[in-house]
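> Let the hints inform the model, and build the full structure from the sequences given.
Quick note, the sequences are listed as chains X and D, same order. So the first sequence is numbered by numbering that gives the first Met the number 0: it starts at 0 and just counts up by one. So the second sequence is numbered by numbering that gives the first Met the number 0: it starts at 0 and just counts up by one.
Accuracy of the hints is not assured; some may be wrong.
The list treats identical chains as one, so a pair stands whether inside a single copy or across any two.
[Said to hold, decoys possible] As a list, the in silico DSS-like pairs of lysine-lysine whose alpha-carbon atoms are at most 30 Å apart: (1) Lys67 <-> Lys331; (2) Lys127 <-> Lys404; (3) Lys262 <-> Lys317; (4) Lys262 <-> Lys331.
Because the hints were derived from the structure by calculation, they are not lab data.
There are 2 protein chains.
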Amino acid sequence: MLAAAALSLLIGAAPRPAAAPQSTYDTTVRRVADHPKLKVALETVDREHDRLVTDIIRLTEIPAPPFKEDARAAAYLEMLRAHGLTAVERDAEGNVMGLRRGTGGGPLIALAAHLDTVFPEGTDVTVKRDGTRLAAPGIGDNSRALAVLLAMIRAIDAAQIHTASDILFIGNVGEEGHGDLRGVKHLFQRGPFRDRIGMFISMDGAGGGDDITHGAVGSRRYRVTFTGPGGHSYGAFGLVNPAFALGDAMRLFSTIPVPSSPKTTYSVGVVGGGTSVNSIPFESWMEVDMRSVSPAELRKVEEQFLAMMQQAADEENKARSTTQGRIAVDLKLMGDRPSGETPRDSAIVQTAAAVVRAIGLTPRFSFSSTDSNLPISLGIPAITIDSGGRGGRAHALDEWIDVEKASSLQGIRSALTLLLALAGME
Amino acid sequence: MLAAAALSLLIGAAPRPAAAPQSTYDTTVRRVADHPKLKVALETVDREHDRLVTDIIRLTEIPAPPFKEDARAAAYLEMLRAHGLTAVERDAEGNVMGLRRGTGGGPLIALAAHLDTVFPEGTDVTVKRDGTRLAAPGIGDNSRALAVLLAMIRAIDAAQIHTASDILFIGNVGEEGHGDLRGVKHLFQRGPFRDRIGMFISMDGAGGGDDITHGAVGSRRYRVTFTGPGGHSYGAFGLVNPAFALGDAMRLFSTIPVPSSPKTTYSVGVVGGGTSVNSIPFESWMEVDMRSVSPAELRKVEEQFLAMMQQAADEENKARSTTQGRIAVDLKLMGDRPSGETPRDSAIVQTAAAVVRAIGLTPRFSFSSTDSNLPISLGIPAITIDSGGRGGRAHALDEWIDVEKASSLQGIRSALTLLLALAGME
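See below:
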């Protein structure tokens, strides 16, 4: 339902998808890129580049650990409000957003940057500056994108640009790790704009502006816990042992055949359980990750995995005594990121590709796991792009970005061109 | 060498072993039990029972965590000195001891109680008293035995008893858990009396006085760590995974056949490793415990285990790509308690049995893992007995003993009778 609605709205605003030849997208993009108002907008970004840097630093230094994005969200909400957006609000999940109204006739375009970092509470998030190089946990992933969104609003306003589409600017929660896309899940499942978003662009991470993530690597993550009666390693020898069930489960899991295309993977990440070397454990557990770009392949791996976990418990119950209790297996879904693909020939992907070509680069079409997974799985045209500039060591304590102006501005120019090409610029 | 020396000394003092019929031991024990000096000694224990209780409380309230027995050892050293022993000293490992000289002709008899508890630093060791019931961590295991040794010295002295054997009273370190018998290992391998101890009695825990632990359950404990190059669960899929090697290792280990007699066991106690659900771990590990009353069976299990760990690494290196690095396995021996058995027909076991019968009970011959494991493995006659009284919940925070006089004295009477029967009482 959502998907169909989004698609029909889209057709009204952007170049006709699928059928349109590549040159049509290039033409549209060139028209935007050459528009005098875009020049004014870009001059504004250039002139206010120091303010962008100040915003990046300010946002980075407000800690935003997983599930604890409140402080940064509150600050960002005020920043969105100060940028003159309407319907500025914080939804029930903690996402903050504001609307820039269009003149009508285009799909609602959501442009989102996630608020959360991977870093726990207590991490030193002080920004260390050395020339144009800024280092701090989370600075590139994703403070820069949050600040770029604000710079884009100011630029569009300064150039007095009117778009056909309404544009929803979002700082969302829960992109990283155990956050499990909770921000965008709420946005598309229960949020106030859930039925209206026609296109979705996630801006995530620093980077050169040639990467278009249109494929969603889906994942299913489980915590598997084998439990049993436990006992003394010597006195109770012969009773079922959850660690042996876990061992068998890991071995079985390791044998699942998967295709290399569509790429499908599985892994045991963390294992644990047991209290002492001389006790049969009460429980032994593992955390597993299964991924695929194909929903069908992901389902196939998951079904085999689920059967194997039960098989491992059953085999241990057969191999040793269950007089004091049996091995049971508990399967807790701890991560669920849907997979899918925004078609390469869709308007959003083709427009993004034309933008990359317009700045003289070759588009790279990639698959990843980002906030776009969710709309993609719903059939809503969605891609993830980067926020410009250079950077590295994302998710590490020595994460850094370089705000050297030329590369920093190029990324913003790309994003702005893309947004206006999709939103219909007057 | 030690074993042979110990055996020849033993023959001089105690009833001839092996060949001697049961009645000979009963006769010897009855002669000691009926000796007027034993009556004086037991009257002393009875009269000074309150002092025993005071000593139990005092020792319990000096914390003695694993590897941190120093404070309790220092206090006990002074108590041994105050009891008029000679050659009072603290050895290089932290054991404290003192000698009560005999008149000659008997083997040196070591009577040891371990100083250490299983409880970590910071555990509240305040004794809670309710009538004759005393509760505190470590009070039964092993403060009571430490205090009983002192009561025995006072009783023998008060009765002016001369023994043929020298008797070495020991408060030793490192009996529990990771202590891995370090106290008795030092005593028999490098300590000043290492070549002289002809018999060894460990007094360990409260109890009714009918249990004779003459069998040493040996154990070999390993921490097995599989390491590999690690990587992203999706991006680096196809590389070797230490968790899969661990799984295979656990499964292989679980299939080793073992005899029920001589009882032989194995277990995986604790597993761990990995940093996040979406990373191939750099390392995955487990702690395993193998035990047997038979050194040969223990060795057989261990040899199969060691081969299987290498096999698991090899198989993972065959199953997946090693382009970024191979799975390696590290085997760290974390526990080594030798096994063996002081023969049922040996003088020390038969004398202990006769003492149990003399108090109207039926001897129980058992196997366990105690300080006696070490001398037993060396062929030195050794048993572990309890310290009398009642108690429970050893190794738990609500550990308790009951110092009700009748059962408390009965255990001390047994120990005293045994010691004097073995030491040769004039």
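> Indicate, hint by hint, whether the structure satisfies it.
Evaluated hints:
no.: 1; hint: Lys67 <-> Lys331; verdict: within (23 Å within a copy, 41 Å between copies)
no.: 2; hint: Lys127 <-> Lys404; verdict: within (18 Å within a copy, 72 Å between copies)
no.: 3; hint: Lys262 <-> Lys317; verdict: between (36 Å within a copy, 21 Å between copies)
no.: 4; hint: Lys262 <-> Lys331; verdict: within (24 Å within a copy, 38 Å between copies)
Of the numbered hints listed earlier, not one is contradicted by the structure.
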